[in-house]
Structure formats: structure tokens, C-alpha cells
Amino acid sequence: MLQVNVVALTELTRMLLPPMLSRRRGKIMLVASTAGFQPGPQMAVYCASKAYVLSFGEAIAYELQNSGVTVTTLCPGATETEFAQVADAGKSALFKGLLPVMSASEVARIGYQGLKEGRGVVITGLVNKLMVTSSRLSPTPVSLRIASWMMSTGK
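One rule links them: number in this note's numbering = place in the sequence shown (from 1) + 27.
Treat the hints loosely; a few may be bogus.
[Unchecked claim] Using C-beta positions, here's what the derived DEER-type ranges look like:
1. Pro166 / Ser82: 18 to 28 Å
2. Met42 / Leu157: 32 to 42 Å
3. Val154 / Ser179: 30 to 40 Å
In short, the hints are calculated from the structure, not lab data. A quick note: this is a predicted structure, and the numbers were derived from the prediction, not measured. Virtual Cβ for every residue (Gly too), placed ideally from N, Cα, C.
Hey, can you work out the whole structure from these sequences and the hints?
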């Protein structure tokens with residue numbers, strides 16, 4: 028996971044960015060997650076790696092202002108993919124109807140629209156935006172308890 032979300036992301040950006048800068052034109056989309064906005068018990072490495080994607084994206088978007096190259100960081104919430112099963116999260120409260128689960132095609136549509144508009148960070152869906160805002164405004168111990176409960180299986 029760290030190889031994909033940190034190492035490969037950084038190396039690919041480093042390789043692909045110079046030609047875009049030379050042309051003074053280009054768009055980069057990075058895929059983070061709403062999980063990148065908070066620490067996540069039971070999903071610590073995933074959340075930390077997505078926090079890297081988010082921070083990296085925001086930083087280079089700022090650095091590239093007025094360069095003709097935009098960076099959009101897509102932050103979906105729960106999405107209908109194989110991830111829940113692979114990460115053994117399918118039994119968690121998060122995927123048991125607690126929050127809306129968006130289709131991958133809807134996430135892609137929203138992300139692409141944000142990319143075309145040159146938006147820096149795109150959070151999919153109103154509920155996800157509210158969750159991110161509440162997480163940022165809450166004390167860390169409260170966010171940790173909520174995140175832990177959302178990832179719990181009720182065992």
C-alpha cells in the first residue's frame with residue numbers, strides 16, 4: 028500500500044510533471060480518500076498513506092499555481108469496489124449502510140468534473156463533506172473514537 032500510495036505516486040509525478048511544465052499545460056489527478064483527513068484505528072496504514080496523497084497533492088497544487096498545470100486530489104468516501112472485501116472492511120459499520128456508498132462510476136464522474144474545472148481537492152458527496160468538516164473541527168480523541176467505531180464490526 029505504501030509503495031502505491033507514497034512511492035509510486037511520488038515517482039510518477041516526478042517523472043510526468045517536467046514535460047507538462049515545459050508545455051505550460053497539464054492536469055494531474057491524485058486519488059486520496061476521506062480517510063486521509065483523519066487518523067484511522069484498524070486502518071492506520073491506509074489512512075496515513077491517503078493523508079500523504081492529500082498533503083502531497085495540496086502542496087504541489089500550491090507550488091504549481093500559474094504554471095498552467097493543475098493538480099486535483101480526489102477524496103471519495105465509501106465506494107462500491109472490491110476494496111471493502113480485500114481490506115476486510117466489508118463487515119464494518121462504514122459499509123453496513125451507516126453512510127451512503129457511492130458507485131465507482133459516480134466517483135469517477137465527480138472527480139473528472141473537478142479535474143476539468145482545475146479544483147484542488149474534490150470530496151465526493153455532501154455526507155462525506157460534512158464528515159470531513161466535522162473531523163477537522165473535532166478534537167483528535169473524538170475523531171479517533173468515531174473512526175474506530177465506523178471501522179468496527181460490532182464484535
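Here is what the structure says about each hint:
no. : hint                        : in the structure
1   : Pro166 / Ser82: 18 to 28 Å  : holds, 21 Å
2   : Met42 / Leu157: 32 to 42 Å  : holds, 37 Å
3   : Val154 / Ser179: 30 to 40 Å : violated, 19 Å
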